[in-house]
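K.L.:
Sequence order for the protein chains is A and B. In case it helps, numbering that gives the first Met the number 0 puts the first sequence at residues 0 to 252. In case it helps, numbering that gives the first Met the number 0 puts the second sequence at residues 0 to 252.
It is worth saying that the hints were derived from the structure and are not from the lab. Please read these numbers as outputs of a predicted model, since none were measured by experiment. Careful, some of the hints might be misleading.
For identical chains, the list gives no copy identity; a pair is met inside one copy or between any two copies.
[As the list claims (entries may be wrong)] Below, in silico cross-link-like pairs of lysine-lysine (DSS-like), each with a Cα-Cα straight-line distance of 27 Å or less:
1. Lys134 to Lys224
2. Lys215 to Lys95
3. Lys32 to Lys224
4. Lys95 to Lys145
5. Lys209 to Lys76
6. Lys39 to Lys231
7. Lys39 to Lys95
8. Lys94 to Lys41
9. Lys164 to Lys94
10. Lys134 to Lys167
11. Lys41 to Lys134
12. Lys134 to Lys91
13. Lys76 to Lys106
14. Lys91 to Lys4
15. Lys167 to Lys32
16. Lys134 to Lys76
17. Lys160 to Lys39
18. Lys209 to Lys32
19. Lys41 to Lys224
20. Lys215 to Lys39
Protein chains: 2
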Amino acid sequence: MERLKCTVSYDGSDFAGFQVQPDHRTVQGVVEKALYNMHKGKSIRIQASGRTDTGVHAVGQVIHFDSPLEIPERNWKQALNTLLPDDVRIRKVEKKTEEFHARYSVKEKEYHYFVSNEEDPDVFRREYVYHEPRKLDFERMQEACKYLEGTHDFTSFSSAKSSVKGTKIRTLYHVSCHQTGSNIEFVFRGSGFLYNMVRIMMSVLLDVGKGKRNPKDIIDLLASKNRQQIGKTLAPQGLYLWRVFYEENGSEK
Amino acid sequence: MERLKCTVSYDGSDFAGFQVQPDHRTVQGVVEKALYNMHKGKSIRIQASGRTDTGVHAVGQVIHFDSPLEIPERNWKQALNTLLPDDVRIRKVEKKTEEFHARYSVKEKEYHYFVSNEEDPDVFRREYVYHEPRKLDFERMQEACKYLEGTHDFTSFSSAKSSVKGTKIRTLYHVSCHQTGSNIEFVFRGSGFLYNMVRIMMSVLLDVGKGKRNPKDIIDLLASKNRQQIGKTLAPQGLYLWRVFYEENGSEK
C-alpha cells in the first residue's frame, strides 16, 4: 500500500460541500468515485485536511488515501484528472509515508475571502466573490484585521452548531486585507479554524467597513464569548481554502 | 407605448443560447418571462442585436422592447433586475424613439475571446476562458490578426450552417490580441459577423500560435472561400459579445 497526498482545487458552486452525503453531489463523493473506478470497483476512502461547506471553494485543499496500485508519482495526477469532473482538479500528487495524515498533520491553514465593492454585481463572478454595493472603508477594515491576530478564545466567532467539544482557543498568525481597484482580498492564516469562523469574522469586518462597528469592537467581541452579538455568517461564495501547511516541511502549496 | 433599449450582461454557461426555444432555458426566454411578470401577464417580445450561441457570454448585448408601462427611466433597471435570475443583469435602460431598433440600427459589434495559455486549466474559469495548454507564439498571432482586418469575403470563416443568403463580405475594423501573464485577450470589431465567424477565426489564430499555420495563410484562406480548409470551430466559453455600437451616437457600451 502506498500513501498518496493530493493537493486539490475545486469550484464549490455545484457541490453540497466537501463531505460525502447520500443523494448529494459532494467533493469527497466525486473523488471517491474516481478512485473507485481507478481501483476497479474497490472502495478507497479519502481523508481531507477538513471539510468545506456548500459553495465554498478550494485552491489548495489537501487529501490523502492509501492505494495498492503501483503507479509512478508523476502519472497519478493525470490518471485522476481524467476520471474527475472538470470542477475538481488535482494539482499535485506526492507519495508519503504512513506518518502523513491530511487532517492530523496539519500545522496551519490559510483562507482567502474575496469581496467585490462595486455598485452592480459582476454576472461572471457571482459564484466567486461576495458582492457588497455599499462603499467600504478599507483603512478601518485593515485596522480591525490586526485585532483578530494572536491567540484568542474565538467562541464569539464560531457557529452555535459547532461540534467542537474542547477549547475554542485558536491562534491567527496573519489577518490582512488588500485592495485592487474595487476588489478586496482578505487573508486569514492560523493554527486552526472553528466552524464558520472565517465567514463570521468577515461579517464583522464588513460591518466595520460600513461604519456600523468600530475596529476596536473586535476586542470586546472576543472577550464576550457570545456568538449572538454578531450578525449573520457571510455568504460562502467569496471563501477559498487557499493552502494547508504541514509539519513535515512547513510549506505545502 | 415606449421603446426601451437595454444593455444586458449574461453568463452564457447555463443557457441554451440567446434565442427562445421550447423546453430550453434561453436568455430571451428568461427576459421575456420577467417582462411578462412585470406586465401582469401580457407577453412582451424583445429584439436583440443578434443571437449568441450556447455557452457564449455577453458583457454588453443590446435588446429593445415596447412597453405600455409608465415607469421613469431610472427605475426600469432595478425593476427588471429584481425579476431576473442572477446570471442575467440589466446594466442600463434608456428610453428611445421608435427609430431605434436593437438589430437593424446596429453599426458595429465588438467581440472578445479569452484564452488561458497555462499547462493546467483553472477550475474557476473553465466556463469563462478557453484553455490551451500548448505554448502559443504571441507575436505570430498578432501578425495574423492584421491579415483579418479590412473588407473581405468571409465565406471560409463562416459556418456551413449559416442561414445568411446574401453576401458574406464583411468589414473588420479592428482585430488584435493582448497578453497579460498567461492570459491572452483577442478583440474583434466589425460591421457584422457571420455565424460562428469569431470562433472559426480563433481556431485559425490558435493554429498560427501553435506553429501549425503561418500568419500569411490567412490571405489564402480568405481567397479560397472554403470553410473545409479550417479546423473545428473553437469552444464557446471564451467568447463574449462585448459591445454593440449604434448609428445614433457612435458609441454605446
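K.L.:
None of the hints should be skipped; say for each whether it holds.
P.N.:
Hint check results:
1. Proximity of Lys134 and Lys224 under a CA criterion of 27 Å is satisfied in neither setting, with 29 Å inside one chain copy and 54 Å between copies.
2. With identical chains, the CA atoms of Lys215 and Lys95 are never at most 27 Å apart, being 45 Å at best within one copy and 52 Å at best between copies.
3. Proximity of Lys32 and Lys224 under a CA criterion of 27 Å is satisfied in neither setting, with 41 Å inside one chain copy and 49 Å between copies.
4. Taking CA atoms no more than 27 Å apart as the test, Lys95 paired with Lys145 passes in neither setting, with 37 Å inside one copy and 52 Å between copies.
5. Taking the shortest alpha-carbon separations for Lys209 and Lys76, only the inter-copy value of 25 Å comes in at or below 27 Å, while the best intra-copy value is 44 Å.
6. When the C-alpha separation of Lys39 and Lys231 is checked against a cutoff of 27 Å, the pair qualifies neither within a copy, at 45 Å, nor between copies, at 35 Å.
7. For the identical chains of this complex, Lys39 and Lys95 are intra-copy neighbours only, at 23 Å inside a copy versus 64 Å across copies, given an alpha-carbon limit of 27 Å.
8. In this homomeric assembly, Lys94 and Lys41 come within 27 Å of each other (Cα to Cα) only inside a single copy, at 20 Å, whereas the closest approach across copies is 64 Å.
9. For the identical chains of this complex, Lys164 and Lys94 are neighbours neither inside a copy (33 Å) nor across copies (61 Å), given an alpha-carbon limit of 27 Å.
10. In the homo-oligomer, the alpha carbons of Lys134 and Lys167 never lie at most 27 Å apart, since the shortest distance is 33 Å inside one protomer and 49 Å across protomers.
11. For the identical chains of this complex, Lys41 and Lys134 are neighbours neither inside a copy (54 Å) nor across copies (38 Å), given an alpha-carbon limit of 27 Å.
12. When the C-alpha separation of Lys134 and Lys91 is checked against a cutoff of 27 Å, the pair qualifies only between copies, where the shortest distance is 21 Å, while the shortest distance within a copy is 39 Å.
13. Taking CA atoms no more than 27 Å apart as the test, Lys76 paired with Lys106 passes inside one copy only; the shortest distance there is 24 Å, against 49 Å between copies.
14. When the C-alpha separation of Lys91 and Lys4 is checked against a cutoff of 27 Å, the pair qualifies only within one copy, where the shortest distance is 8 Å, while the shortest distance between copies is 49 Å.
15. In this homomeric assembly, Lys167 and Lys32 never come within 27 Å of each other (Cα to Cα): the closest approach is 35 Å inside a single copy and 50 Å across copies.
16. Taking the shortest alpha-carbon separations for Lys134 and Lys76, only the inter-copy value of 20 Å comes in at or below 27 Å, while the best intra-copy value is 43 Å.
17. Proximity of Lys160 to Lys39 under the C-alpha cut-off of 27 Å is found in neither arrangement, the shortest distances being 39 Å within a copy and 43 Å between copies.
18. In this assembly of identical chains, the alpha carbons of Lys209 and Lys32 never lie at most 27 Å apart, being 45 Å within a copy and 36 Å across copies at closest.
19. Taking identical chains as interchangeable, the C-alpha atoms of Lys41 and Lys224 are never at most 27 Å apart, the minima being 47 Å within one chain and 55 Å between chains.
20. For the identical chains of this complex, Lys215 and Lys39 are neighbours neither inside a copy (57 Å) nor across copies (51 Å), given an alpha-carbon limit of 27 Å.
In summary, the numbered hints that this structure violates are 1, 2, 3, 4, 6, 9, 10, 11, 15, 17, 18, 19 and 20.
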